[in-house]
Amino acid sequence: MLAMIRYYLALLGHSQRYLPAILAYIAVNTVLYTDPKSPLLPQYGISAGSLLVVSCWLTIAMLDVEDPVQRLVTFSHARRWRSVLGGATLAVFGCAVVLILVTVLWSGLRTGGFTIGTFALGASAHALCALFGIAIGLPCSRLLVPRVGWSVLAAIFVLAAVLLVKWLPLANPLLRALTSQQPLTGPFVVAVVAAVAALLLSATAVGHLLRRNA
Amino acid sequence: MTSLIRLEGVGKRYGRGEPVLADVDLDVPAGRVIGVLGSNGSGKSTLLRILAALSRETSGTVVGDPRVGYLPDRFPAGQRMSARAYLRHMARIDGHVDLSMIDPLLERLALVGGPDAPLRTLSKGNAQKVGLAQAVLAEPDLLILDEPWSGLDVEAHTVLGELVAETKERGASVVFTDHRASVVHAHADDVYRIDDGLLTRVETAVKTESATRIVLHGPSGDWSSEPGVSQAVAEDGKVILTVEAGHTDAILLRALNRGFSVREVAPCSP
Chain W
158 MLAMIRYYLA LLGHSQRYLP AILAYIAVNT VLYTDPKSPL LPQYGISAGS
208 LLVVSCWLTI AMLDVEDPVQ RLVTFSHARR WRSVLGGATL AVFGCAVVLI
258 LVTVLWSGLR TGGFTIGTFA LGASAHALCA LFGIAIGLPC SRLLVPRVGW
308 SVLAAIFVLA AVLLVKWLPL ANPLLRALTS QQPLTGPFVV AVVAAVAALL
358 LSATAVGHLL RRNA
Chain H
17 MTSLIRLEGV GKRYGRGEPV LADVDLDVPA GRVIGVLGSN GSGKSTLLRI
67 LAALSRETSG TVVGDPRVGY LPDRFPAGQR MSARAYLRHM ARIDGHVDLS
117 MIDPLLERLA LVGGPDAPLR TLSKGNAQKV GLAQAVLAEP DLLILDEPWS
167 GLDVEAHTVL GELVAETKER GASVVFTDHR ASVVHAHADD VYRIDDGLLT
217 RVETAVKTES ATRIVLHGPS GDWSSEPGVS QAVAEDGKVI LTVEAGHTDA
267 ILLRALNRGF SVREVAPCSP
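If you read the sequences in order, they're chains W and H.
All residue numbers for the first sequence refer to the numbering used here, where the first residue is 158 and numbers rise by one.
All residue numbers for the second sequence refer to the numbering used here, where the first residue is 17 and numbers rise by one.
The hints are simulated quantities; they were obtained by calculation from the structure and are not laboratory data.
Treat the hints with care, as some may be off.
Said to hold, decoys possible - Just a few of them, taken from the derived set where beta-carbon distance is under 10 Å, the chain W residues facing chain H:
#1 Lys194
#2 Gln227
#3 Val230
Just so you know, these numbers come straight off a predicted model, no measurement behind them.
Virtual Cβ for every residue (Gly too), placed ideally from N, Cα, C.
Produce the entire structure from the sequences given, and follow the hints as far as they go.
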């Protein structure tokens, strides 16, 4: 699995397709974490939502580097779709962890420090959003959608639903609770269950369809 | 002989289209080189993908799951990473820790630009060399090569022949395809022919059968896909064909009907 992660990170690194998304994310952070007196949790809500989009972008960008025949060659070495999809997921999540650290450390420095609870809550909310982003990116990537235009449209549609539709118990309840400073326990538990379930469901469905279409 | 992988009544169709393979039986014993002869669109690549577990049969059974090295007919090299870095990644994914054989292998294949050449800068032939390297690097139990001689220069042909022989010597098997009978007969222990998804064994007697060299003069045209034509070379307004002996009369008739003039007919080695 480690070898798959390294390969995918190398693919992404060489392609430079990570740059637009990461620059945009850093720009969002720069604008957000400027006022030391502003409460952190609402700002975490916005940057976590941004990270969801960035994770989706990175997943699609990374999986789109290989053309279908090259992917078959990679699969002939990995021998299991589980390894391929697991490697891709962990590679993007690794990138997201770096971005989460940047966000929480930056916010901490700008506000002159924070409690461990705030740090943990902010980091966890970002991590959950990253999982949602990967779960959306896997089926919207070239693995299942051969043309980049359809990939973009599918991803935009699902991202909008996950981020904006209030009655969908995915990322929206958690982000709303963060930004409006409402009680977080309920939305947080829902988001944990939903993020893990969404990622497992997405990876399983993609693996099944890849095997079926092979 | 121990069977590495066996196809029993295997069929394949994509979606609701026509069957690409129909009722294919193929046993790949350990330590054998199997050549599959067929024209474009006959189902060769699909057969190889099923053997490599990259494609799933829609009917029949595949028995056996050997470790496979796979070379597609066109190795796509559109990435910016170097050939060496790519091969290191593939070897690690394979669980193969000895990376020291990468550079000597690329040197043996005479990769233009060397191991540091980015994949996307390589010509088709050189990309195919990297593809061949990734297939043989981890010393798989079953080496699957889709038209491996196409696109390679003459020097690399020799190395490829050596790699196939070395694979057989260490007890592993090779299955390869080509559309030229001479190439398949020259390298394979067992020869099969695939036509419209139907696989048939070519008897040994046919293997030793002679071929015919036909020299034609006339309008240009594609002869390589004609049944029985193992090689077609256009040269100075002439077309030189190497034809399986059994197809000589049919090819001559077709040539005359197409307005070609027959300049020479002579026996030759396949």
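Against which earlier hints does the structure fall short, listed by number upward?
-> As far as the earlier hints go, only 1 is violated by this structure.
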